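Student: This is what each chain is made of:
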Amino acid sequence: MDRKSKRWLSAGTAVVLAATLMAGCGGNDKNGGAASPADKGPGGGAAADKPFAGKSISLVTANHPWADAIKPLLPEFEAATGMKVNVEGYFEDQLTQKLTVQFTAGSETPDVFMYRPLQEGKLFFKNGWLQPLDEYVNKDADYDFADLSKSAVGTATVDGKLAGIPIITEQEILYYRKDLLEAAGIAVPKTIDELVAAAQKLHDPGKGMYGFVARGQRSPLVTQVSSFLYSEGGDFMNGDRATINTPEAIKAFTTYGKLLKDYGPPGVLNMSWPQAFGIFGQGKVAFLTDANSLYKNATDAEKSQVADKVGFAPFPAGAAGSKPYNITSWGLAVNAKSRDKEAAWAFIQWATSKEIVLKTQEKGNPGARASVWDNPQGTTGFPAELVEVIKMSVKGGVDHDRPTVINVGEARDAVGEIVQKIITGEANIQPVADKANEALQGVIDLDKNK
Amino acid sequence: MTRRKRTARLILGLLTFLVLLAFAFPFVWMLLASFKTQSQIMSTDQLLSFKPTLANYTSVFGEHDFLGYMINSLIVGVGSTAFALLLGLPAAYAIARYHLHRLGLVILVARIIPGITFLIPWFILFSQVKLVDTYTALILSHMLVGLPFIIWIMISFFEALPKEIEEAGLIDGCNRHQVFLRVILPISGPGMITASLLSFIFSWNNFMFSIILSGEKTKPLPVAVFNFMSYAEINWGALMAAACIITLPVLIIALLAQRYVVNGLAAGAVKG
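Chains as they are written, first to last, in numbering that gives the first Met the number 0: chain A, 0 to 449; chain B, 0 to 271.
Okay, chain B solo, but in the shape it has when bound:
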């Protein structure tokens, strides 16, 4: 009995490892390649055993000022998420509590329309008010996706909260706004974290809006990565080093926040 259990566990572990290997391989390759020279990357004999070099990372931070691009991405990501929360939370609350589902649908449509259709009108508008290559333009454009995202996640979250909590607040002398600010928001942490996380990751990875609306001053990471590809040369090592650097913050945030999301969800399941 115990032996059979043990072999079963072993097989399961082995299978898990195999699946993990298949899924993680691109990331492992990316990580390995970021420590190789161009000729080592191209060679299949040196897949795992090679002499590591840090040259790619020094080139990414030294010659290419990736720190600057990172700050750009951070400003736009945090900015667009913060403003989307500011607008989205009250909007989602109103839609959830007053059943404004048609309004909700209209907001969703903005998310369904392919982003590229907005680009030309945006470029015309932003260039007329001279906002191209400013953080304002990037933050506003990234909100197009972040805002509906936050609204839609929060609608279902707010709808799931029992009405009784609000009623208790009203009886204790709060008005509607105070109920929202003092009662609803403090228990909405998990929903807010999930929503802002997704909104931030979208902004962090966004390429299309950024390439058109950014410029030398505001270039974010996904656009800057292409610095390593030129007409007659692709610098794979540096490209992979840059890719690692882009992936890392998102990975860390996701791992950290995951705990809160799970904890919070359990805590949010309110006793009533």
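Pulled out of the complex, with its shape left as it was, chain A reads as follows:
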């Protein structure tokens, strides 16, 4: 017994000693411990026009064209304020993962970050990780908060509080092949019924030509079926009640599912936007409905063989008219634990000001400011035809494209289930929809207790 514990002890001591030794060595290969910049108080002669001299904030972005557009403008901001902005960028799923771990750990960094209001907004906000920005936005009259689109601001609002500032907006539109429609003498569909008829007419699988394509993967399809749902007069939920088994909802899901089942390319169940745009870009499909923000995948000659033959149209109208989603896909938010919220807000105020939004929008990032869209210079980053479509889509849009709950993943699965069953040919869809509705209700009820 005694000998045994001695062995334990000696082996344990050896390990601990070696570990300390190694930690010492590890510290030497990089002076990480002393890397923190002097971020306390202004350094030396801070002039009044440089209110944040000597301070620094950290900004985490997604891999997004907006980030590429804002980075070259940062030196100007840093020179004007004296603040240093440290930028890091990640792919969107990694970004969520990293932010979630950091916030769970109560991290003070990053100060400002890009986030997806509809995907993570509710989760982040209800956990108290986001600083509500209501009192900040009206501090400076020049900022003109009212200029931001109501629908976009609605997307970024949780429980009546402003969780973030919209930077990127998007709407669902109809992409079509001009040459095919012209050759067949078909007018651009204005209603969903016309779309179905046109897709049927152009569908010719024997020649490798398909009528319609859109996302068919369970979770990704939810956002794109939403415009069908709204245009038929439905929605995912009404107050606290799930409403995906109503007649309107079933009609919308059936239209979407049948379009893919009857006039879609093979393998559509495994398609998200990269595959859908891929096959559209191969010139094998006549119609595609998806977000306008993805248009370059169809019109860039590097990616698409039909780059010069793509037309844009507003989302076709259903029983309730044309009601595409019109949402904020990305926003900027402030970490509730940030040590310098004034500096963080100063950055957001600058990055979402009229002047800077104009500059980022010129590079093809659709912003939320009406004044920039009305400015001819603000639309130079987009094809003229698309600008018209966007201006029309913004008018009747709905401010969400998925159920607005905390556990978005499960809610999306419930909705996606119904559509997938239709694509695979399930004839009796009501029981499937009832079951999915129950699942969605479960997700909503969980939210109420928080």
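Worth flagging that the hints you see were computed from the coordinates, not collected in a lab. Since the structure is predicted, the reported quantities are computational estimates derived from the model, not experimental observations. Ideal placement from N, C-alpha and C gives every residue a C-beta, glycine not left out. Keep in mind that the hints are not guaranteed to be accurate.
Unchecked claim - Covered, in the sense of this in silico footprint (three residues per stretch, anywhere, with C-beta under 8 Å from a C-beta of chain A), are these stretches of chain B:
1) 31-42
2) 150-159
3) 194-203
4) 225-235
Use these hints to put chain B onto chain A, whose structure you have.
Tutor: Frame of chain A; chain B shown alone:
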């Protein structure tokens, strides 16, 4: 007779080729795609015949500084493996020679617990001592998997070595430490190579620890690969070029080391 043998060999060769084709296809596709443009990748007509382009590779090294990420990965991979060897070899020897199997089990538990459970505590600890985005944090975290790996491979290796060799060393006047350093380690090459190879490959491919604990300065390859995926665009060509570049070193090391592992194993089978 000979003809039957020949046909049998032919059939075997053909089957081997078919199996190989099925297994190697993803790699072949990856290699081909890295020389294609986006529109060529999406097209099924141009699977094998296409006009190759080097644009993806120039973009990977030019615009995205993959060399820097590669160096990061190399520092962390070599560092974590070296330190894991430093700690793991003596530990494995002690466990093997003094039959400390319970200790061995405790070490194994660290490997069994899903890595993600460590991440939040680690992030809190590392951010308090300001080690996030340093090589130290990455090396330490990668050792969590590398160390048990090395210990467990080396335990069975050391146990298989005949005691007589050590006794001979002791009789010739070595003490325990000298026996370990001068007798045991020199004949443990094959085991060490296998163990460090696996530990290095783990670190080279590790994504989860790296994404949370690295930053702009220390971003390793698996995290950097995602630079080619963004919100509205996936750059498949560059993504595949990057994947080829990541796979290549591991492939080369494995091929080179394989010879040593096999040779060494035969040599290590000691005459007694």
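Student: Each of the hints needs a verdict: does it hold here or not?
Tutor: Consistency of the hints with the structure:
1. 31-42: The restraint on the region 31-42 of chain B holds, since 5 of its residues have a Cβ under 8 Å from chain A and three suffice.
2. 150-159: Three-residue rule not met by the region 150-159 of chain B, so violated; n is 0.
3. 194-203: violated (count 0)
4. 225-235: holds (count 8)
Hints 2, 3 from the list above are not met by this structure, while the remaining hints are.
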